[in-house]
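K.L.:
The chain contents come next:
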Amino acid sequence: MNIFKISSKNLVRNKLTTILNIILVAFGVGILSILFLASTQISSKLEKNAKDIDLVVGAKGSPLQLILSSVYHIDYPTGNIPAKDAFKLMQNPLVKRAVPLALGDNYNGYRIVGTDSTFSNLYDLSIQKGSFWHKDLEVTLGSTVALTSGLKIGDSFFGAHGLTGNGDVHKQHAYRVKGILKPEGNITDNLILTNIGSVYKMHEEKHAEGHSHISAEGAKEINDKEITALLIQYKSPMSVILFPRMVNQSTNMQAASPAMESARLFSLIGVGIDTLQWFAIFIMGIAALSVFISLYNAMKERKYDLAIMRCLGASKSKLFFLIMFEGVLVTFIGACLGLLIGHVTLEVIGAHQESSQAKLTGLTALPQEVYLIWIGLFIGTLASLIPAMQIYKVDIAETLTKNR
Amino acid sequence: MIKISSLAHVYEKGRRLKFPYWEIADMEHWLLLGASGSGKSTLLNIISGLLEPSQGEVLINGTDLYTLPARGRDMFRGRHIGIIFQRPHLIRSLDVLDNLALAAVMAGLPVDHERNLSLLHDLGIAELAKNYPDQLSEGQLQRVSVARALVNKPDVLIADEPTSSLDDENANQVIQMLTSQAKDNGAALIIATHDRRVRDHITKTYLL
Numbered sequence: 001m002n003i004f005k006i007s008s009k010n011l012v013r014n015k016l017t018t019i020l021n022i023i024l025v026a027f028g029v030g031i032l033s034i035l036f037l038a039s040t041q042i043s044s045k046l047e048k049n050a051k052d053i054d055l056v057v058g059a060k061g062s063p064l065q066l067i068l069s070s071v072y073h074i075d076y077p078t079g080n081i082p083a084k085d086a087f088k089l090m091q092n093p094l095v096k097r098a099v100p101l102a103l104g105d106n107y108n109g110y111r112i113v114g115t116d117s118t119f120s121n122l123y124d125l126s127i128q129k130g131s132f133w134h135k136d137l138e139v140t141l142g143s144t145v146a147l148t149s150g151l152k153i154g155d156s157f158f159g160a161h162g163l164t165g166n167g168d169v170h171k172q173h174a175y176r177v178k179g180i181l182k183p184e185g186n187i188t189d190n191l192i193l194t195n196i197g198s199v200y201k202m203h204e205e206k207h208a209e210g211h212s213h214i215s216a217e218g219a220k221e222i223n224d225k226e227i228t229a230l231l232i233q234y235k236s237p238m239s240v241i242l243f244p245r246m247v248n249q250s251t252n253m254q255a256a257s258p259a260m261e262s263a264r265l266f267s268l269i270g271v272g273i274d275t276l277q278w279f280a281i282f283i284m285g286i287a288a289l290s291v292f293i294s295l296y297n298a299m300k301e302r303k304y305d306l307a308i309m310r311c312l313g314a315s316k317s318k319l320f321f322l323i324m325f326e327g328v329l330v331t332f333i334g335a336c337l338g339l340l341i342g343h344v345t346l347e348v349i350g351a352h353q354e355s356s357q358a359k360l361t362g363l364t365a366l367p368q369e370v371y372l373i374w375i376g377l378f379i380g381t382l383a384s385l386i387p388a389m390q391i392y393k394v395d396i397a398e399t400l401t402k403n404r
Numbered sequence: 001m002i003k004i005s006s007l008a009h010v011y012e013k014g015r016r017l018k019f020p021y022w023e024i025a026d027m028e029h030w031l032l033l034g035a036s037g038s039g040k041s042t043l044l045n046i047i048s049g050l051l052e053p054s055q056g057e058v059l060i061n062g063t064d065l066y067t068l069p070a071r072g073r074d075m076f077r078g079r080h081i082g083i084i085f086q087r088p089h090l091i092r093s094l095d096v097l098d099n100l101a102l103a104a105v106m107a108g109l110p111v112d113h114e115r116n117l118s119l120l121h122d123l124g125i126a127e128l129a130k131n132y133p134d135q136l137s138e139g140q141l142q143r144v145s146v147a148r149a150l151v152n153k154p155d156v157l158i159a160d161e162p163t164s165s166l167d168d169e170n171a172n173q174v175i176q177m178l179t180s181q182a183k184d185n186g187a188a189l190i191i192a193t194h195d196r197r198v199r200d201h202i203t204k205t206y207l208l
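Chains as they are written, first to last, in the working numbering: chain W, 1 to 404; chain G, 1 to 208.
Bound conformation, chain W alone:
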C-alpha cells in the first residue's frame, strides 16, 4: 500500500477516462516517433548512398532528377552524354576518381548498371561469392537482388529494356551471373553490376548509331559512345568551387551536387513533415487538456477522499504528490504506448513498402525518443498542477462536517 497503489486503483476505477487520456497521449507521441524515425532513416539512407560522391555529371535537365537517377537509382535519367566528353572530364586534375554509369535496362525492376571497377572502389564493395564481372555480359548481383530473384552463380537471365517492367526483353544476349556482393546496407544491394560494353552490346542492334566494331575491354572502347552519368570524387575541397562551374559553363553537360540536391529534396518534403509535426503537437495539447479536465472534475468528488486522508495524517504535500502522480502516470503510460505504436507502425509500413531503396524499419530506436517520454512526463505535470493545487484549498473540517 503506497501512493502508487492508491493512484493506480483510482485510475482503474475511472477506466474510460483513463483509457481516453492514455490513447490521446499515445497518438501524439506515436505520430512524433514515426516522424522522427522515418525522417532520420530516410536522410541517413540518402546520406549513405551519396557518401563519397561529390558531384554527378550528366545530361542537362533537372539536377534533382540527375541525382535521383544516378545516385539513388529512383528516377529516370536525364539523357545521355557523349563518352568522349566524359572521358575528358575524368582526366581533369581536380578529379580524384570518376565512375562512368550506363543505365537503361532492368531485370525484374532491379537496374542493370554498366560501369567499371572504379564503381566497386567508390562504394567499397566486396564479394561474398564468386567474383566481380570481367568480360562482357558477366554480372555481379547486389545481395538483395540475389536473395529475391533466386539467381545463383552460373545462372543466366535476360535483361529488359527500360528501368522498370519486363515489357521489352533483350532476347539476343543473356547475362551470366559471375558473383554476388556482400550486403552493404546501401543502394548497391539492389543493383546488378556489369561493364559498360555489355550495355552497348544489348543495344547495338536496336540503335542505328551503334558501331559494329566495339572492342570488348578497356576505357577507350567508350570513346565514341554515350554514357548516362559520371560520379565524381574530388581531389581537394578547392574543386567544389571550380569544377561544377567549369562543367556547367564550358561543356554541354550539367554538374549536380548530391548533398545540395538531397537537401533541396528534404526541404520540399519538410513541409509535409512540419504539418504532421504540428498535428501531433496539437493532439498532445488536447491530451494535456483532457488529463487536466478529468483530474479537475474528479477533484469535486475526491475532495472527501482527500479530506479523509488528511484526517488520517497525510500531509498536504503528500496528497499534492498523489494527484500529480496520477496525471504523470497516465501520460507516462501513454508516452510509452505511443513509442510502441510508432515502432510497430513503422515496421508494418516497412514490410509493405514497394521501393526497396529506402526501406523503413521500426526495430531501431533513437536516443531522441527519450525526449518524447520526457515530453509526456512534462505534459502530465503541467496538466495535474492546477488540480493538485486544490489540495491546499480544501478545508478538511468543513468538507467532512458537511454531508455529501
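Don't read these hints as lab results, they were simulated from the structure.
All the pointers check out, no bait thrown in.
Straight-line Cα separation of at most 30 Å, DSBU-like style, residue types lysine-lysine; simulated pairs:
#, chain 1, residue 1, chain 2, residue 2
1, W, Lys48, W, Lys359
2, W, Lys152, W, Lys135
3, G, Lys153, G, Lys3
4, G, Lys153, W, Lys303
5, W, Lys5, G, Lys130
6, G, Lys204, G, Lys183
7, W, Lys316, G, Lys3
8, G, Lys130, W, Lys303
9, W, Lys5, W, Lys300
10, W, Lys5, W, Lys15
11, W, Lys316, G, Lys130
12, W, Lys9, G, Lys130
13, G, Lys13, W, Lys300
14, G, Lys183, G, Lys130
15, G, Lys153, W, Lys316
16, W, Lys45, W, Lys182
17, G, Lys130, G, Lys153
18, W, Lys171, W, Lys129
19, W, Lys9, W, Lys300
20, W, Lys318, G, Lys130
21, W, Lys182, W, Lys359
22, W, Lys316, G, Lys13
23, W, Lys51, W, Lys135
24, W, Lys5, G, Lys153
25, G, Lys130, W, Lys300
26, W, Lys393, G, Lys18
27, G, Lys3, G, Lys204
28, G, Lys153, W, Lys9
29, W, Lys393, G, Lys13
30, W, Lys88, W, Lys48
31, W, Lys318, W, Lys300
32, W, Lys359, W, Lys51
33, W, Lys129, W, Lys51
34, W, Lys60, W, Lys235
35, W, Lys15, G, Lys130
36, W, Lys318, G, Lys153
37, G, Lys13, W, Lys303
The hints should help you fit chain G onto chain W, whose structure is shown.
P.N.:
What follows is chain G alone, placed relative to chain W:
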C-alpha cells in the same frame, strides 16, 4: 490526557464561540452535548487538530497541538487520534482491508494486516475484508470507519454524531461497539451528540 483551556474560536462571519475548561483523563468516556449550532463540531475539529482556534491551547499527552508545525500536526493526528465521522467516508477505489491499511500508511506507520483483520473480526465484519465500500450497507460502513479509527492504536477516539442517521437497534450497537472498543484498545472516548439514546450509556458530560 487531554486538556483545553481558555479556548475560543471566531468565525470569519463574526460568530464567536467560547469553550470552557475541559480535562479528560486516560481511558475516560465523555459525552459532548449541546444543541445544533452550539459549536460541538467546531470543538471536535479543534481537538483533532483540523481547525486552528483563534485563541487558547489544546494539550494532548502534554503536547500543545497548535505549536506543532502543520506537517507535525497531521502526523500527530494520524498516530494519536482516531476520528469517526457522522457519515462513514471510505475511499471508494480501495477495498475494506486497503482502507484500513491506508490509515497506517498515511500516518507513516507500518501496515499490520493481522491487527487489521482482528479489528474487523472484533467488529463482526471479518468476511467483508475484500469488499469495496459500494458493496456495504450503511451500518457496515460505520463499523469499518470505527475499525479504521482504531488501526493506529490511538490515545483518543473522537466520534461526531455517530448515531444520528441510525435506527434504535443500530444506534445501540454502535454505542456498545464504541465503548467496548475504546476500552479494549485503551483509548479515551469523546462522543459529540444531541441524541438522547446515547446519554444512558455514558455518564460524564461536557455541555456547550
